[in-house]
Amino acid sequence: MTNHVIKYLIYSIFCASAAIPAYSQLKATDPIPNDWFLRDPASDFLQGISAEKSYKTLLKDRPSRTITVAVIDTGVDIDHEDLQGVIWTNADEIPDNGIDDDNNGYIDDVHGWNFIGGKDGNVNEDTNEFTRNYVRLKKQFEGVDEKKISKRDKAAYEEYLKAKEKLEKLIAKNTEQYELYNNLYQNVSQSVDTLKILLMTDELTQELVESFQSREPNLLFAKGFVLNIFRNIGPENSLEEFLSELKETS
Numbered sequence: 000m001t002n003h004v005i006k007y008l009i010y011s012i013f014c015a016s017a018a019i020p021a022y023s024q025l026k027a028t029d030p031i032p033n034d035w036f037l038r039d040p041a042s043d044f045l046q047g048i049s050a051e052k053s054y055k056t057l058l059k060d061r062p063s064r065t066i067t068v069a070v071i072d073t074g075v076d077i078d079h080e081d082l083q084g085v086i087w088t089n090a091d092e093i094p095d096n097g098i099d100d101d102n103n104g105y106i107d108d109v110h111g112w113n114f115i116g117g118k119d120g121n122v123n124e125d126t127n128e129f130t131r132n133y134v135r136l137k138k139q140f141e142g143v144d145e146k147k148i149s150k151r152d153k154a155a156y157e158e159y160l161k162a163k164e165k166l167e168k169l170i171a172k173n174t175e176q177y178e179l180y181n182n183l184y185q186n187v188s189q190s191v192d193t194l195k196i197l198l199m200t201d202e203l204t205q206e207l208v209e210s211f212q213s214r215e216p217n218l219l220f221a222k223g224f225v226l227n228i229f230r231n232i233g234p235e236n237s238l239e240e241f242l243s244e245l246k247e248t249s
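Going by numbering that gives the first Met the number 0, the first residue of the sequence shown is number 0, and it counts up by one from there.
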């Protein structure tokens, strides 16, 4: 499972588990569709972008045409399975030969270029634009008396203050998100450990968890919690792998 998948699973599992009554058995639910992000909130009750609905209404019977989308100021996993065959390719560049074949100043820019990346164009660690502005202006303006700012530096100082405010809000948001993930990991880990002890096993399976019987509300919650995880990660992924990635995220 990739980090992108784990973030989605964390969100969906947390939301679903929060709705599980602690005093009743979890009922079987329909699996979340793989294209949930394309669905419509009003008609499908899924927080998607309504792409499918647009195809059936706004774009119905309209002729199709090929377009090229430029991705600005972000990273793209060009090896992602959903993007195979649709990533733009520079026909004038020979891959991985270390030569600027098209003489545009960029070596091996077969699929474009990440200008905020490293020497090879790859973005290993990304930051927001306002974060870069904050770091750039911090040395000049941190701790400086605003009254002593010259007119020439006034605009840059205002930019620094805006970047600082955005960064502080982002830190607060990420801290809250970290605590959410950490609490989720603790709840999942505790539920898994408890069920392992009661079922006398070192490895939980969906079938084993489904067979567990109890009238204790907390144990029923643990059962429903873990079952919901199994239903979301699918048979191709293990519970231990999910826990490991969740721990890394938290």
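Treat the hints loosely; a few may be bogus.
[Unchecked claim] Taking lysine to any residue pairs in the SDA-like style, the calculated list, with each CA pair at most 25 Å apart, reads:
no. : residue 1 : residue 2
1   : 150       : 131
2   : 172       : 146
3   : 195       : 168
4   : 59        : 33
5   : 161       : 55
6   : 153       : 172
7   : 163       : 177
8   : 55        : 71
9   : 52        : 81
10  : 195       : 172
11  : 52        : 63
12  : 168       : 191
13  : 150       : 172
14  : 147       : 161
15  : 163       : 195
16  : 165       : 179
Hints were generated in silico from the structure; no laboratory data involved.
All figures in this text were calculated on a predicted structure; none of them were measured in a lab.
Hint check results:
| no. | hint | result |
| --- | --- | --- |
| 1 | 150 / 131 | holds, 23 Å |
| 2 | 172 / 146 | violated, 31 Å |
| 3 | 195 / 168 | violated, 41 Å |
| 4 | 59 / 33 | holds, 23 Å |
| 5 | 161 / 55 | violated, 42 Å |
| 6 | 153 / 172 | violated, 29 Å |
| 7 | 163 / 177 | holds, 21 Å |
| 8 | 55 / 71 | violated, 29 Å |
| 9 | 52 / 81 | holds, 20 Å |
| 10 | 195 / 172 | violated, 35 Å |
| 11 | 52 / 63 | holds, 16 Å |
| 12 | 168 / 191 | violated, 35 Å |
| 13 | 150 / 172 | violated, 34 Å |
| 14 | 147 / 161 | holds, 18 Å |
| 15 | 163 / 195 | violated, 47 Å |
| 16 | 165 / 179 | holds, 21 Å |
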